[in-house]
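According to the numbering used here, the sequence shown is numbered sequentially starting from 4.
No wet-lab data here; the hints were simulated from the structure.
Every value quoted in this text rests on a predicted model; they were computed, and no experiment measured them.
Where is the CB? At the ideal position from N, CA and C, for every residue including glycine.
Possibly wrong hints are sitting among the right ones.
[Unchecked claim] Computed Cβ-Cβ distance ranges for the label pairs, DEER-style:
| # | residue 1 | residue 2 | range |
| --- | --- | --- | --- |
| 1 | Gly722 | Glu619 | 45 to 55 Å |
| 2 | Asn490 | Tyr30 | 48 to 58 Å |
| 3 | Pro61 | Ser140 | 45 to 55 Å |
| 4 | Ile40 | Ser290 | 33 to 43 Å |
| 5 | Ser290 | Asn475 | 46 to 56 Å |
| 6 | His351 | Pro61 | 48 to 58 Å |
| 7 | Glu630 | Met681 | 27 to 37 Å |
| 8 | Asn470 | Lys294 | 43 to 53 Å |
| 9 | Ile40 | Lys182 | 53 to 63 Å |
| 10 | Leu591 | Ser21 | 52 to 62 Å |
| 11 | Glu98 | Phe135 | 17 to 27 Å |
| 12 | Lys452 | Ile51 | 44 to 54 Å |
| 13 | Lys248 | Leu551 | 47 to 57 Å |
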Amino acid sequence: MAFIDQTKVIEIEKKITSDLSFLGKVYKAKKNSHQTISIDHSLVDSYIKVGWEEYTKPLKTKTKLRKPRSHSKQFEDDVWCQFYELGYRTMNFDESLSLYFSNNSNDKKQIDVIAINNDTAFIIECKSSEKFKKAPSYKDEFELLGLRLDGFKKVLHQIYGRNLKIKYVFATRNLRIDKDSEDMKRFNSTNSFLYNNNIFNYINSLIKNYKGVAFYQFLGLVFKNELISKDRIEIPAIKGEMGTKSYYMFSLEPSLLLKMGFILHRTKVNESELPTYQRLLVPSRLSGITKFIDEGGYFPNSIIINFSNKKHKIQFEASSKASASNSCFGTLKVPNSYGIAYIIDGQHRVYGYANSNYKNSNTIPVVAFDNLDTSEQLKIFMDINENQKAVSPSLRLDLEEDLYWNSDRADSRIKALRSSIIKKLANSQSSPLFEKISVGEDKAVLAFKPFSTALSYSDLLPSAKGNHFSENAIKYSLYNVSNHDHNKEMYSCQKRIVSLLTLCYDFVEQDYSDIYYAESSFIFSNRGTFAFICLIGNLHRHLIDKALINKDTDIDVRFTLIKSYLSSLLEYLRNKMTDDEKEKQLSLLGAGADIKWLRFFQSIINKSHLDYYPTELIDWNERQDEELQNKGRTLGVEIEKKMKALVLNKMKTIYVEDWELEINSIKRECQNRAEQEMEKHYKEGLGRKTVHWTEMFNINDYKTIIEKYWTKLPEQKNGDFKTFEKDFAIDVGEGLGSKSKSLKWISFFNSYRNLWAHEGTKEKRLNKEEVNFIEKIHSHFYN
Numbered sequence: 004m005a006f007i008d009q010t011k012v013i014e015i016e017k018k019i020t021s022d023l024s025f026l027g028k029v030y031k032a033k034k035n036s037h038q039t040i041s042i043d044h045s046l047v048d049s050y051i052k053v054g055w056e057e058y059t060k061p062l063k064t065k066t067k068l069r070k071p072r073s074h075s076k077q078f079e080d081d082v083w084c085q086f087y088e089l090g091y092r093t094m095n096f097d098e099s100l101s102l103y104f105s106n107n108s109n110d111k112k113q114i115d116v117i118a119i120n121n122d123t124a125f126i127i128e129c130k131s132s133e134k135f136k137k138a139p140s141y142k143d144e145f146e147l148l149g150l151r152l153d154g155f156k157k158v159l160h161q162i163y164g165r166n167l168k169i170k171y172v173f174a175t176r177n178l179r180i181d182k183d184s185e186d187m188k189r190f191n192s193t194n195s196f197l198y199n200n201n202i203f204n205y206i207n208s209l210i211k212n213y214k215g216v217a218f219y220q221f222l223g224l225v226f227k228n229e230l231i232s233k234d235r236i237e238i239p240a241i242k243g244e245m246g247t248k249s250y251y252m253f254s255l256e257p258s259l260l261l262k263m264g265f266i267l268h269r270t271k272v273n274e275s276e277l278p279t280y281q282r283l284l285v286p287s288r289l290s291g292i293t294k295f296i297d298e299g300g301y302f303p304n305s306i307i308i309n310f311s312n313k314k315h316k317i318q319f320e321a322s323s324k325a326s327a328s329n330s331c332f333g334t335l336k337v338p339n340s341y342g343i344a345y346i347i348d349g350q351h352r353v354y355g356y357a358n359s360n361y362k363n364s365n366t367i368p369v370v371a372f373d374n375l376d377t378s379e380q381l382k383i384f385m386d387i388n389e390n391q392k393a394v395s396p397s398l399r400l401d402l403e404e405d406l407y408w409n410s411d412r413a414d415s416r417i418k419a420l421r422s423s424i425i426k427k428l429a430n431s432q433s434s435p436l437f438e439k440i441s442v443g444e445d446k447a448v449l450a451f452k453p454f455s456t457a458l459s460y461s462d463l464l465p466s467a468k469g470n471h472f473s474e475n476a477i478k479y480s481l482y483n484v485s486n487h488d489h490n491k492e493m494y495s496c497q498k499r500i501v502s503l504l505t506l507c508y509d510f511v512e513q514d515y516s517d518i519y520y521a522e523s524s525f526i527f528s529n530r531g532t533f534a535f536i537c538l539i540g541n542l543h544r545h546l547i548d549k550a551l552i553n554k555d556t557d558i559d560v561r562f563t564l565i566k567s568y569l570s571s572l573l574e575y576l577r578n579k580m581t582d583d584e585k586e587k588q589l590s591l592l593g594a595g596a597d598i599k600w601l602r603f604f605q606s607i608i609n610k611s612h613l614d615y616y617p618t619e620l621i622d623w624n625e626r627q628d629e630e631l632q633n634k635g636r637t638l639g640v641e642i643e644k645k646m647k648a649l650v651l652n653k654m655k656t657i658y659v660e661d662w663e664l665e666i667n668s669i670k671r672e673c674q675n676r677a678e679q680e681m682e683k684h685y686k687e688g689l690g691r692k693t694v695h696w697t698e699m700f701n702i703n704d705y706k707t708i709i710e711k712y713w714t715k716l717p718e719q720k721n722g723d724f725k726t727f728e729k730d731f732a733i734d735v736g737e738g739l740g741s742k743s744k745s746l747k748w749i750s751f752f753n754s755y756r757n758l759w760a761h762e763g764t765k766e767k768r769l770n771k772e773e774v775n776f777i778e779k780i781h782s783h784f785y786n
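Let the sequences and hints guide you as you build the complete structure.
Here you go:
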């Protein structure tokens with residue numbers, strides 16, 4: 004007996020279409036950011052009064068009008084278009100579509116989107132807010148949902164067939180729903196699906212990267228662990244043991260694996276499955292693989308998967324076992340369920356078959372594990388990719404929390420803690436950086452790496468080598484190294500650092516929004532991230548040195564003290580910074596730009612707070628002192644000339660006409676350098692130039708000669724002759740007890756020489772202490 008009468012069926016069918024041409028036109032209209040209508044000329048004025056506008060030349064009898072869609076209408080259209088892009092071609096085109104949940108004419112509800120194909124149907128209700136906010140109560144809605152959904156399913160089964168798998172979707176935009184609320188408990192009891200911002204954005208990224216193949220991952224997400232049919236898939240397989248784990252080897256049609264497979268992409272959508280590990284597909288690789296397969300190509304290596312047994316378990320029935328082997332042959336019975344097989348390795352190969360002519364006829368080799376937890380899957384993924392296509396640096400940083408949280412090494416645990424802090428800032432709805440940091444495959448305005456680099460550079464987190472923490476870690480960090488309950492302390496430290504950074508970022512966003520949201524922001528940008536977080540860490544260190552805070556100081560108190568310094572920075576950026584200063588800082592790009600911004604910030608604060616003059620800023624300012632640089636360079640050049648003269652004169656005195664043969668290996672190197680210099684001079688259009696080999700000595704050549712002939716005397720006695728030891732032994736604070744200590748100054752001098760001989764970036768020039776050292780060496784030779 005029919006659930007509803009035929010008139011109601013016709014009423015529903017009139018508002019749903021499978022006409023491909025018509026659906027294409029609807030899709031095009033809904034993708035437009037404006038609603039458009041054509042009306043009689045006489046009605047134009049009345050429409051304009053309620054927000055419509057003319058946007059093109061009037062037609063003979065009609066005028067075309069448009070107006071921006073409301074956020075609610077825009078969201079409904081965005082969801083409709085997303086399901087169209089997923090491949091659904093039976094959809095509603097009329098916004099007044101209602102579904103009956105009984106045969107009573109009053110028992111019906113308006114539905115925003117319906118999407119149907121041969122196997123599945125989605126009933127979608129959309130709720131949205133223009134700005135992000137807490138969702139209202141849906142108590143009444145969800146209390147009746149079970150009853151209504153039962154009726155909706157009966158209606159769709161009556162019209163489209165009983166084999167249709169139906170899912171109710173509650174789609175939200177910018178609405179924060181507490182997952183543990185009573186509303187959600189009611190909702191989840193109906194086996195419905197919540198389609199929030201994260202899901203919508205994830206599906207968009209799937210469509211962008213997977214094109215039509217996105218449909219399979221989408222089904223695995225929405226229907227995960229739900230049976231496609233009650234009949235199990237029976238596969239001939241070999242069972243083996245690897246370590247403590249059982250595994251199965253078999254061949255399977257790609258069409259089946261596409262439905263059963265699911266990829267744990269590193270996105271917020273899959274956070275319940277943490278740790279997740281997979282990257283999104285590369286579209287160009289996908290199409291290339293499909294073409295390769297259709298031209299007769301094949302992949303002999305196995306797809307690696309893991310069967311999840313959260314809801315449905317696989318069964319293996321052995322039929323034979325060889326006496327000489329622990330392996331056995333039999334039949335693997337796999338539940339015919341969506342998303343039951345997590346693809347650890349081979350996602351491109353599997354999804355490359357989705358659009359292939361051989362999707363149903365080929366079989367591909369598979370190695371399947373049973374019920375590995377996700378941390379074990381992650382380890383396999385990392386081991387495989389260590390030797391294949393490299394895991395991207397950003398994904399590796401993101402994975403550090405899951406890889407190292409329980410490590411036996413302190414330095415590894417700090418990596419995990421650092422990663423967790425960044426993700427907490429990015430994923431906490433109370434954070435001003437919520438959804439602003441790229442994490443895993445979730446792309447955002449700010450990159451993950453600058454936060455990681457900044458936290459490593461600042462003293463907020465401790466630095467460690469192996470299991471030994473640095474002294475600064477004990478004194479300055481927000482981590483209690485004395486707490487040997489590592490797990491507890493890591494969570495406590497995470498909370499402290501996240502709270503402090505949240506307060507600082509929130510202060511800028513609320514009180515200096517013009518700076519925070521500026522097109523070229525000094526705070527809310529990748530360069531600004533490093534400078535701002537390092538500055539917070541440095542100010543925190545300064546307050547500890549001044550004994551204004553200690554390990555037990557409350558985070559709010561720490562922030563209040565730091566805030567006064569930040570205010571000086573932000574007031575300067577807002578009111579005092581000149582256009583030239585701004586242009587200079589914004590023009591800094593590439594390596595070193597982040598450090599320069601940090602020094603710029605520190606310099607600004609020092610102008611208002613003379614007590615704040617950190618050693619690294621002193622060092623920086625000295626390295627910008629041109630007078631100091633010129634002094635160091637002049638003295639250094641004179642030292643090098645003196646070294647050359649003394650070395651060559653001593654060699655000539657000791658070995659007379661054989662001195663060149665004595666150092667012939669060095670001579671050959673110098674001749675090679677001389678020839679290269681002459682060639683370079685010629686090829687740069689500067690003509691021929693003669694370069695004698697003795698002009699091409701370097702400091703290490705002098706050091707080699709001095710060490711080798713340290714105490715050598717000439718055969719003929721010469722009362723005025725001084726050995727290399729007499730002229731080149733200089734005490735740099737370690738005494739003169741050995742040749743290596745006596746010549747240690749040469750290594751220092753050579754490193755300083757490189758600073759003026761290779762002028763690259765200013766931060767690598769000489770500071771006052773280094774010039775004093777050079778002056779001391781100069782005095783040794785010239786006094």
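Structure-based check of all given hints:
1. Separated by about 52 Å at the C-beta atoms, Gly722 and Glu619 satisfy the suggested range of 45 to 55 Å.
2. For the pair Asn490 and Tyr30, the supplied restraint of 48 to 58 Å holds, since their beta-carbon distance comes to about 51 Å.
3. Look at Pro61 against Ser140: about 48 Å separates their beta carbons, and that is inside 45 to 55 Å.
4. A C-beta distance of roughly 39 Å is found between Ile40 and Ser290, which places it inside the suggested range of 33 to 43 Å.
5. Taking 46 to 56 Å as the suggested C-beta distance range, the pair Ser290 and Asn475 conforms, at roughly 52 Å.
6. At roughly 53 Å, the beta carbons of His351 and Pro61 sit within the given window of 48 to 58 Å.
7. Roughly 36 Å separates the CB atoms of Glu630 and Met681, a value that falls within the hinted 27 to 37 Å.
8. For the hinted restraint 43 to 53 Å between Asn470 and Lys294, the CB-CB distance of approximately 52 Å keeps it satisfied.
9. Hint check: Ile40 to Lys182, Cβ distance near 41 Å, so the stated range 53 to 63 Å is violated.
10. Against the hinted window of 52 to 62 Å, the Cβ-Cβ separation of Leu591 and Ser21 comes to about 58 Å, which satisfies the hint.
11. The hint said 17 to 27 Å for the Cβ distance between Glu98 and Phe135, and at roughly 25 Å that hint holds.
12. Checking the proposed 44 to 54 Å range against Lys452 and Ile51 shows it holds: the Cβ atoms sit about 51 Å from each other.
13. Evaluation of the 47 to 57 Å hint for Lys248 and Leu551 yields a pass: the beta carbon distance comes to about 55 Å.
Violation of the numbered hints given earlier is confined to hint 9; every other hint is satisfied by the structure.
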